[in-house]
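Visitor: Here's the letter readout for the chains.
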Amino acid sequence: MQVLFTLCGLAAVGFVLLITVYLVISGIPAIQKVGLFDFLFGQTWAASQDRYGIFPLILTSVYGTAGAIVIGVPIGFFTAVFLAKVAPKKVANVIRPAVSLLAGIPSVVYGLVGMCVLVPALREWLNLPAGDSLLAAIIVLAVMILPSVISLSETALEAVPKEYEEASLALGATKLDTYFRVSAPAAKSGIAAAVVLGIGRAIGEAMAIMMVAGNVANMPELTRSVRFLTTGISIELNYSQDGSLQRQALFSIGLVLFLFTMLINAFLNLVLKREKER
Amino acid sequence: MRRKVYEIIGRVLLYGCAAITIGLLLFLIAYILFRGVGGISWQFLSTSESVINGTIGILPAIENTLFVILVSLVIALPLGVGAAIYLTEYAKNKRFVAVIEFASETLAGIPSIIYALVGVIIFCTALKLQKTLLSGSLTLVIMILPTIIRSTQESLKTVPQSYREGALGLGSGKWHMIRTVVLPSSIEGIVTGCILAVGRVVGESAVLMYTAGMSMAMQSFSIDSITGASGATLTVALYHYAKENADFQVAFSIATILLILTVLINFAAAFLGKKLKRS
Numbered sequence: 001m002q003v004l005f006t007l008c009g010l011a012a013v014g015f016v017l018l019i020t021v022y023l024v025i026s027g028i029p030a031i032q033k034v035g036l037f038d039f040l041f042g043q044t045w046a047a048s049q050d051r052y053g054i055f056p057l058i059l060t061s062v063y064g065t066a067g068a069i070v071i072g073v074p075i076g077f078f079t080a081v082f083l084a085k086v087a088p089k090k091v092a093n094v095i096r097p098a099v100s101l102l103a104g105i106p107s108v109v110y111g112l113v114g115m116c117v118l119v120p121a122l123r124e125w126l127n128l129p130a131g132d133s134l135l136a137a138i139i140v141l142a143v144m145i146l147p148s149v150i151s152l153s154e155t156a157l158e159a160v161p162k163e164y165e166e167a168s169l170a171l172g173a174t175k176l177d178t179y180f181r182v183s184a185p186a187a188k189s190g191i192a193a194a195v196v197l198g199i200g201r202a203i204g205e206a207m208a209i210m211m212v213a214g215n216v217a218n219m220p221e222l223t224r225s226v227r228f229l230t231t232g233i234s235i236e237l238n239y240s241q242d243g244s245l246q247r248q249a250l251f252s253i254g255l256v257l258f259l260f261t262m263l264i265n266a267f268l269n270l271v272l273k274r275e276k277e278r
Numbered sequence: 001m002r003r004k005v006y007e008i009i010g011r012v013l014l015y016g017c018a019a020i021t022i023g024l025l026l027f028l029i030a031y032i033l034f035r036g037v038g039g040i041s042w043q044f045l046s047t048s049e050s051v052i053n054g055t056i057g058i059l060p061a062i063e064n065t066l067f068v069i070l071v072s073l074v075i076a077l078p079l080g081v082g083a084a085i086y087l088t089e090y091a092k093n094k095r096f097v098a099v100i101e102f103a104s105e106t107l108a109g110i111p112s113i114i115y116a117l118v119g120v121i122i123f124c125t126a127l128k129l130q131k132t133l134l135s136g137s138l139t140l141v142i143m144i145l146p147t148i149i150r151s152t153q154e155s156l157k158t159v160p161q162s163y164r165e166g167a168l169g170l171g172s173g174k175w176h177m178i179r180t181v182v183l184p185s186s187i188e189g190i191v192t193g194c195i196l197a198v199g200r201v202v203g204e205s206a207v208l209m210y211t212a213g214m215s216m217a218m219q220s221f222s223i224d225s226i227t228g229a230s231g232a233t234l235t236v237a238l239y240h241y242a243k244e245n246a247d248f249q250v251a252f253s254i255a256t257i258l259l260i261l262t263v264l265i266n267f268a269a270a271f272l273g274k275k276l277k278r279s
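Residue numbers (the working numbering), protein chains in the order written: chain Z, 1 to 278; chain L, 1 to 279.
It cannot be assumed that every hint is accurate.
Computed Cβ-Cβ distance ranges for the label pairs, DEER-style [what the hints assert, rightly or not]: (1) Z:Ala173 - L:Gly16: 36 to 46 angstroms; (2) Z:Val3 - L:Lys94: 34 to 44 angstroms; (3) Z:Trp125 - L:Leu70: 40 to 50 angstroms.
Pairs of lysine-lysine residues, derived as DSSO-like cross-links and limited to a Cα-Cα distance of at most 27 angstroms, are as follows [claimed, not checked]: (4) Z:Lys90 - Z:Lys175; (5) L:Lys243 - Z:Lys273; (6) Z:Lys33 - Z:Lys89; (7) L:Lys275 - Z:Lys90; (8) L:Lys157 - L:Lys92; (9) L:Lys4 - L:Lys157; (10) Z:Lys276 - L:Lys174; (11) L:Lys94 - L:Lys4; (12) L:Lys92 - Z:Lys89; (13) Z:Lys175 - Z:Lys89; (14) L:Lys274 - Z:Lys276; (15) Z:Lys276 - L:Lys94; (16) L:Lys174 - L:Lys157; (17) L:Lys274 - Z:Lys162; (18) Z:Lys188 - Z:Lys175; (19) Z:Lys276 - L:Lys92; (20) Z:Lys33 - Z:Lys162; (21) Z:Lys273 - L:Lys4; (22) L:Lys92 - Z:Lys90; (23) Z:Lys90 - Z:Lys33; (24) L:Lys4 - Z:Lys175; (25) L:Lys92 - L:Lys174; (26) Z:Lys90 - Z:Lys162; (27) Z:Lys188 - Z:Lys33; (28) Z:Lys162 - Z:Lys188; (29) Z:Lys162 - L:Lys92; (30) Z:Lys273 - Z:Lys162; (31) Z:Lys273 - Z:Lys188; (32) L:Lys174 - Z:Lys273; (33) L:Lys174 - Z:Lys89.
What the hints contain is simulated information worked out from the structure, not anything from laboratory work. C-beta: ideal position from N, C-alpha, C; glycine also.
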């Protein structure tokens with residue numbers, strides 16, 4: 001039996017190796033043909049002209065993720081403080097399942113609501129020819145990372161020893177001062193982990209953004225149609241010929257995205273580990 | 001004075017942000033139901049799309065979703081539970097445990113579009129399974145494996161050491177002890193893991209769109225055609241109707257169904273999780 005269970009355990013390791021090896025093998029050829037520099041820093045992605053530069057995609061992913069973090073993290077953080085410290089138990093017990101429901105809603109549903117509410121609204125408000133834009137994608141992403149930011153920060157805030165807060169209150173600090181100047185700094189590595197997890201979520205999301213971002217490989221600008229690394233793959237995957245340079249270039253984008261997420265994961269593990277050791 | 005302003009701003013931020021979060025959820029639910037409920041009828045749920053009658057039905061998508069859930073769980077469950085048993089009961093080498101846990105965390109962090117690529121490369125192309133529900137299910141196995149490993153492992157850890165010692169002391173073998181004592185007392189955690197995994201499968205769209213196809217035609221899940229069956233699940237059908245047909249009525253009706261499923265899955269997981277905590 002032990003052998004069987006060992007094999008099950010090894011399956012996870014095997015899958016990771018399989019994914020890495022296959023991505024590297026299928027991602028390298030296009031990079032070789034296009035040239036690493038031209039691939040990473042080329043400013044034009046146009047399959048019809050056989051030009052495959054993913055710099056706009058990389059920048060869009062970076063800007064989009066940063067935007068989502070800038071909007072989503074403060075809202076998530078304050079909601080977490082509210083849940084962990086301010087809200088009466090009964091209220092918190094209603095909000096918590098609501099937050100996990102938010103986490104469970106499929107990404108296409110977010111995309112759909114974004115398409116039907118957000119995109120037309122942005123077009124009206126900002127007087128744009130079309131509302132599909134980086135801004136729409138940022139807002140959708142901010143909503144989508146909210147649940148993970150909230151639940152991870154809340155867990156971290158709950159874990160702050162009661163004595164810290166009691167000491168601060170006994171010294172005459174107000175409750176708010178205590179939450180922001182004692183509890184939050186004490187929970188900072190947990191909150192950092194929440195931010196990193198949010199980054200991971202945002203950079204990996206594809207379907208919801210594909211429905212609101214317009215998907216033209218422009219250099220990123222808030223009100224313009226843009227293409228992310230993820231949507232760069234998804235928009236052409238079904239139309240590219242098997243074995244063509246275009247298909248291979250998609251695999252190369254996959255490899256770049258994979259490296260990005262591995263980096264973020266490694267960072268997340270590091271932060272979480274430090275949290276555990278404390 | 002400054003203190004007072006600070007205090008007020010702080011409170012406004014706290015209550016305001018919590019209100020935004022809740023408001024968002026309520027808005028989402030209300031809007032989806034408002035636009036979607038009207039389109040749901042027995043005919044919508046129980047037939048397939050018919051051009052002749054001009055009616056739309058999503059039975060194939062429901063069947064495809066169930067098929068994908070079933071196949072991916074049947075494979076991932078034994079694999080994941082087995083891995084968790086190995087990690088908590090058998091493994092002695094800490095380094096080795098760390099490697100497996102790291103691998104499982106890595107799998108959990110990979111974005112689904114990468115799984116889609118991997119599914120296309122490995123299952124559809126290299127293993128020549130083509131774009132089928134089977135390819136999709138197999139890709140999802142890798143994706144949900146970490147979920148099952150983690151929740152099984154957590155519930156195995158809550159089984160008191162004395163149970164194990166008691167069983168071993170009575171002369172039971174290790175596997176017998178695991179089968180009759182450890183697993184039955186951690187069944188709730190395993191079921192919770194399955195529910196969470198089902199939630200991921202139901203909500204997944206990117207992987208299935210590229211590995212399982214987008215057809216809305218009726219399947220005949222007969223034994224010899226089962227490996228060749230290909231089609232859209234609920235989420236992919238939603239995308240198909242919204243983005244390619246611009247038929248938002250149908251898309252919102254599917255969204256309503258997905259929303260109801262999500263609520264059910266969340267409640268089931270929370271209920272079991274609570275039960276687990278109490279025991």
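Visitor: Against each hint, give a clear statement of whether it holds in the structure.
Guide: Comparing the hints with the structure gives:
{"no.": "1", "hint": "Z:Ala173 - L:Gly16: 36 to 46 angstroms", "result": "violated, 22 angstroms"}
{"no.": "2", "hint": "Z:Val3 - L:Lys94: 34 to 44 angstroms", "result": "violated, 20 angstroms"}
{"no.": "3", "hint": "Z:Trp125 - L:Leu70: 40 to 50 angstroms", "result": "holds, 46 angstroms"}
{"no.": "4", "hint": "Z:Lys90 - Z:Lys175", "result": "holds, 20 angstroms"}
{"no.": "5", "hint": "L:Lys243 - Z:Lys273", "result": "violated, 42 angstroms"}
{"no.": "6", "hint": "Z:Lys33 - Z:Lys89", "result": "violated, 60 angstroms"}
{"no.": "7", "hint": "L:Lys275 - Z:Lys90", "result": "holds, 19 angstroms"}
{"no.": "8", "hint": "L:Lys157 - L:Lys92", "result": "holds, 15 angstroms"}
{"no.": "9", "hint": "L:Lys4 - L:Lys157", "result": "violated, 49 angstroms"}
{"no.": "10", "hint": "Z:Lys276 - L:Lys174", "result": "violated, 31 angstroms"}
{"no.": "11", "hint": "L:Lys94 - L:Lys4", "result": "violated, 54 angstroms"}
{"no.": "12", "hint": "L:Lys92 - Z:Lys89", "result": "violated, 42 angstroms"}
{"no.": "13", "hint": "Z:Lys175 - Z:Lys89", "result": "holds, 17 angstroms"}
{"no.": "14", "hint": "L:Lys274 - Z:Lys276", "result": "holds, 24 angstroms"}
{"no.": "15", "hint": "Z:Lys276 - L:Lys94", "result": "holds, 17 angstroms"}
{"no.": "16", "hint": "L:Lys174 - L:Lys157", "result": "holds, 16 angstroms"}
{"no.": "17", "hint": "L:Lys274 - Z:Lys162", "result": "holds, 24 angstroms"}
{"no.": "18", "hint": "Z:Lys188 - Z:Lys175", "result": "holds, 18 angstroms"}
{"no.": "19", "hint": "Z:Lys276 - L:Lys92", "result": "holds, 22 angstroms"}
{"no.": "20", "hint": "Z:Lys33 - Z:Lys162", "result": "violated, 60 angstroms"}
{"no.": "21", "hint": "Z:Lys273 - L:Lys4", "result": "violated, 39 angstroms"}
{"no.": "22", "hint": "L:Lys92 - Z:Lys90", "result": "violated, 44 angstroms"}
{"no.": "23", "hint": "Z:Lys90 - Z:Lys33", "result": "violated, 61 angstroms"}
{"no.": "24", "hint": "L:Lys4 - Z:Lys175", "result": "holds, 13 angstroms"}
{"no.": "25", "hint": "L:Lys92 - L:Lys174", "result": "holds, 14 angstroms"}
{"no.": "26", "hint": "Z:Lys90 - Z:Lys162", "result": "holds, 20 angstroms"}
{"no.": "27", "hint": "Z:Lys188 - Z:Lys33", "result": "violated, 45 angstroms"}
{"no.": "28", "hint": "Z:Lys162 - Z:Lys188", "result": "holds, 16 angstroms"}
{"no.": "29", "hint": "Z:Lys162 - L:Lys92", "result": "violated, 37 angstroms"}
{"no.": "30", "hint": "Z:Lys273 - Z:Lys162", "result": "holds, 22 angstroms"}
{"no.": "31", "hint": "Z:Lys273 - Z:Lys188", "result": "holds, 13 angstroms"}
{"no.": "32", "hint": "L:Lys174 - Z:Lys273", "result": "violated, 32 angstroms"}
{"no.": "33", "hint": "L:Lys174 - Z:Lys89", "result": "violated, 44 angstroms"}
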